[in-house]
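**Q** Bring the two chains, given one by one in their own frames, into a single complex with the hints.
Residue numbers (numbering that gives the first Met the number 0), protein chains in the order written: chain A, 0 to 209; chain B, 0 to 475.
The reader is advised that the hints may include incorrect statements.
Which residues of chain B face chain A? A few of them, derived with a C-beta cut under 10 Å, are [unchecked claim]:
1. ALA54
2. GLU75
3. GLU140
4. ILE142
5. ASN170
6. ALA182
7. LEU184
8. GLU187
9. GLU229
10. GLY289
11. ASP292
12. VAL305
13. LEU354
14. GLU398
Keep in mind that the hints were calculated from the coordinates and are not lab data. Glycine is no exception: its CB is placed at the ideal position from the N, C-alpha and C atoms.
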Amino acid sequence: MSDGARERILAKVRAALADVPRGEEPEDVVVTRGYVRAHTGGELIGLLVDRLTDYRAVVHRVPAAEVAEAVAQALKRRGVRRIVVPPDLPTRWTAASSVVAVADEALAVAELDGVDGVVTGCALAVAETGTIVLDAGVAQGRRAISLVPDYHLCVVRADQVVGDVPDAVALLDPGRPLTWISGPSATSDIELDRVEGVHGPRTLEVVIAE
Amino acid sequence: MSGTFVGMPAFPEAASAATQNAQLRHNLRKATHTIRGKRAAVVSELDDWAELRAAGKAIKDRTLRHLDVYLEQLEEAVTAAGGHVHWAADAAEANAIVTRLVRATGETEVVKVKSMATQEIELNEALAEAGITAYETDLAELIVQLGEDRPSHILVPAIHRNRAEIREIFNRTMAEWGVPAPANLSDEPRALAEAARVHLRDKFLNAKVAVSGANFAVAETGTLVVLESEGNGRMCLTLPETLISVVGIEKLVPTWQDLEVFMQLLPRSSTGERMNPYTSTWTGSTPGDGPGDFHLVLLDNGRTDVLADEVGRQSLRCIRCSACLNICPVYERAGGHAYGSVYPGPIGAILTPQLRGTSSELDASLPYASSLCGACYEVCPVAIDIPEVLVHLRGKVVEGKGTTVERVAMGAAGWVLGDEKRLGLAQRAAGKARGLVPKRHLPGPGAAWTDTRDIPDIPEESFRDWWAGRGRGQQR
Ligand code: SF4
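Bound-form chain B, shown alone (with noise of 0.2 Å):
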């Protein structure tokens, strides 16, 4: 078992092999369809819905297309708020970074809120590497943490483990973490998470250092922003007398107003809540209440290459909701491991490659590992349209690459094409969503596919027939 992305197989092998393990798939399923009925009820609660979408769409492409105004006013906000700000172009800066500040607390041990950002980076390692403990303290994070695991889903990212297992991670390793697992676990989620709650209590209360992500950041006053259920977060944003918040450069919203759209689009899209248990929000330090000493590391690590590109930069409008997920065929069936990386589903298969690059096998293959069914944009609550920004990415991928990627890619197109049954269902249930997405026509490879038909109606034999052309091409 590997703590790390490092070294993974490319996707049609990860998958694959997630798709012979009976436990995984039989969770991801309950999973994915549990968060998908409730996100639906909550969502058709909204009778202006779509216009709570398109606001907040229209809300992130202002930001981003004024990014570096906004930074900069961010940057100022919270310098006055008392706040500090770093900048970190990558993964190295930013780990080098949040190791300097904690050291200079003098502390060796940090408490963590569950934030992507930092495991994009690798903090964790970096910190361990350091002689500082980091302590995931998000449950499903407790457990992937604990059982030297990764995460397989943005949302409960210890969705693949069940209970059992679980209480045979808690009884076998909570005592070199800290506080045992109490005698007589049973693997009721109830008294597991009793055995959470007191197993992170005095990590808690004696905390002096914690680092966290946020959800937003708001340029116009400074104000960042975190949705959580446990309180684990709360713990962490209040306690302690250090706060170190690691935030992509790609989490701004320009106004305090804009969070009334995305305090309704995020809860309802992601945990299919009409509100999440708790939401905290902080700008820069307050005298007598919560960290006095708060920085903010404003994080680059490939974001401003997506920005680069006029059609992936939609990518980060990206709120992390994971709706995508749950609503893929492809993710159901493959799991989130396969993807090689913290962004899983839909949205890591557009996002991982562009911020990594396609040099790797398993970067080449994410785009392809998409039947370009079209559900993820139906739901996604910015309107990222995920199947136009891969088929740009498949178009780059050939362009730019040798042959052994395009082997790979092709596996990846083959495994998710290859098994009739494997998404048949899914492609007729997708079906609604066809007359919601436009027709596209793509330049490039993807041209003569596109020019007679929308992207989510290609039937099987089109797809192979296109890819049969192009290695013919690429022979010529």
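Here chain A stands alone, though its shape is the one from the complex (with noise of 0.2 Å):
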């Protein structure tokens, strides 16, 4: 049924370009790409900080020596006592901190259920719109593991902030499963009164090690 319909499907968007012509390719569409690679060239940590906190997240900029202690804080301020770990999450990360931290060997969804947070690092970070894209790689492990759980700490690396959407877009890698994160999840759908938290993890927080 469905191979009789793709060659329907394409016989018909090739009858409804008939106006276009025949020698014509692709790239002959000019698209001018008129914009800025960037809509600002400060400092852009200060500005990822403003961003992610106005999308209400908990941020902290730390020295890069300080990060097992901030998350060590972190954790405790939360009331945590078993987090998931990316399997390959920098154990100095969390060895300041006496939470259990489970690592995520193909735990099951309800085993993730079960955890009181995960904490992750991140593969960029974009300043002019506070988002952090986690990509599956080095201390991030697999999608649902920073989903599941309701509390979300993401450790991002002060060179891994870049300052806008397209230089984002030209270091990521299609091929990998992306999650783009601005902010904790959120709903306007009653009454356009925003809500903080509705199905993803309803506390960001954020250690910025520079």
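**A** And the structure:
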């Protein structure tokens, strides 16, 4: 059934485009990229903090040597006892905390639902839009672990921060599953009143390591 | 209350009914004005908005003019990444494909991410006939589904409901569908959102099959893109074993790089945010991460007819941001339901008659559901000249049809222009836009009209004169 549909649809598309000159190539349709690569040339970390705070994420800016301390403090404040971590999360990040860190070795969804939070790194962060991108790469794990727990603590290295969306798209590998995160989950579906936290982690905490 | 648009009255009657509903008018006004303000603020932050908009338009034009090439490229890339591609010429074929795929899993329940394409083909109803229950997971779609209602806005489909109504719907219906609403549920949005979270949690954690749409499909890489806010999309796209995405053939973009344009245009135009909370992208399937079985259903369902119309073709550039709804004085007063389709507002007024044809009174009246003020064109992130397409479609309605259709069409025009106060303010507000809308010279019945002035500048009188003239022309 669908094999026939493929040929029928493509034939209809070609018939519909009878006005397009035969020799025209896709590249002959001019796309002028007159937009800027980045909207700011200023201090990226400050901008990222500003944007994340605007989304009501909790943000800390610390020297790289103090990441473990900042992570431990954050987990303590939150009252977290058990967290899930990607198997390759740098152990030094959680070294100062006494929480139980369960490495994700294909944990069942129900087990992910039973932990109090997740700690990950990221692939990059976009200052202009306050976006953190996970690509299932180093220190991030598979997508489910940063989704099911209600609390996500993300460590961003200063050298992972890019200025704007075009730089991010250029660096990211579309072959990997990507999750772009801009603040905690939110809805405005009821009388347009914004409520943070629906199905994704209801709290996003970010430690930026400089 | 009916969950479908079949048998809807034509636009003028439906619109008149809506304008008498004070609650609906209040909600709509608050919603459209709030989102419109947020959009304006975040758009004005980017001093290259005009360049982004021009690029977005050009990228979509490139895609549409060579759509066959890009469709084949997408199919190849998705297949190479381990996905399966299916083609559906119409709603019945798409529904049959999805039903067959769900049946093959042995499951009788699916979770769904908000998707206009699946609403358009009435997939939930088709699945129900096959004994499969589809659970909508977007909060607004959940409200619509539980209330056996219809969506009224692209972005906030339950905007016609207030918090007390939502609480009543949750209390009355959640138990039938699964986890009941908590005792003593308040009507605070936070409490209602929490009730939805609890209601859907088990469904997400146990779901084996998900159905989604997509905002974009990248031909070069085979990557699908879904933008959302609540995390229900991530749940559906990540936890189940099988993922079926129903995607209109106009959703393609040629290259991965092109997303750098649309990921700036869409969130700012849509929710008025610098970026929406969550965007997921995936290419085929990834071992050990997310659904192992991925199916892409490419849907035509009238899109090739739109493509064949050289004026109407630009409608397929639409990225469903809903900015044109929020700015439209007619939408604000008529509400989404009056448009009788899943695509309301200015984009619905041009898309629905092209997708479905103008044989019904409702569809024939839609091109008249506008004062042609041009504000929709000004806010459109891909520069769709909606007034141009409206006038073009009016010409087609008049050419092709007898008196019944013409009568309802004139009824719609009369509704739009009937009450001087109804649109007076909006017309003045739209004045800014006029300089931005190019002068047009249109063929057919619109010619005499557009020869003399810009379309957005048409005063009520000349429009009526034009109509009166047309009526006489028909009789002779
Ligand atoms: S027509 Fe333009 S403004 Fe309206 S929904 Fe589509 S992209 Fe947005």
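**Q** Compare the structure with each hint and give your call.
**A** Okay, the hints, checked on the actual structure:
Because the closest C-beta pair between ALA54 of chain B and chain A is about 6 Å apart, less than 10 Å, the hint holds. Look at GLU75 of chain B: its Cβ only gets to about 12 Å from chain A, farther than 10 Å, so that hint breaks. At a threshold of 10 Å, the smallest CB-CB gap from GLU140 of chain B to chain A is about 9 Å, leaving the interface hint in force. Interface hint status for ILE142 of chain B: upheld, as the beta-carbon distance to the closest one in chain A is roughly 7 Å, under 10 Å.
Look at ASN170 of chain B: its Cβ only gets to about 15 Å from chain A, farther than 10 Å, so that hint breaks. For ALA182 of chain B, the suggested interface contact is broken, since its CB lies about 20 Å from the closest CB of chain A, more than 10 Å. Here the hint on LEU184 of chain B is broken, as its CB sits about 13 Å from the closest CB of chain A, past 10 Å. A hinted interface residue such as GLU187 of chain B counts as satisfied when its beta carbon comes closer than 10 Å to some beta carbon of chain A; here the least separation is about 9 Å, so the hint holds.
For the restraint placing GLU229 of chain B at the interface with chain A, the shortest Cβ-Cβ distance is roughly 4 Å, inside the 10 Å limit, so the hint holds. Contact between GLY289 of chain B and chain A, as hinted, is supported at the beta carbon level, the nearest pair being about 6 Å apart and thus within 10 Å. With a least beta-carbon distance of about 15 Å to chain A, the hint placing ASP292 of chain B at the interface is violated under the 10 Å criterion. Hint status for VAL305 of chain B relative to chain A: holds, with the closest Cβ pair at about 8 Å, below 10 Å.
For the restraint placing LEU354 of chain B at the interface with chain A, the shortest Cβ-Cβ distance is roughly 14 Å, beyond the 10 Å limit, so the hint is violated. A least Cβ separation of about 20 Å between GLU398 of chain B and chain A goes past the 10 Å threshold, and the interface hint is therefore violated.
In summary, the numbered hints that this structure violates are 2, 5, 6, 7, 11, 13 and 14.
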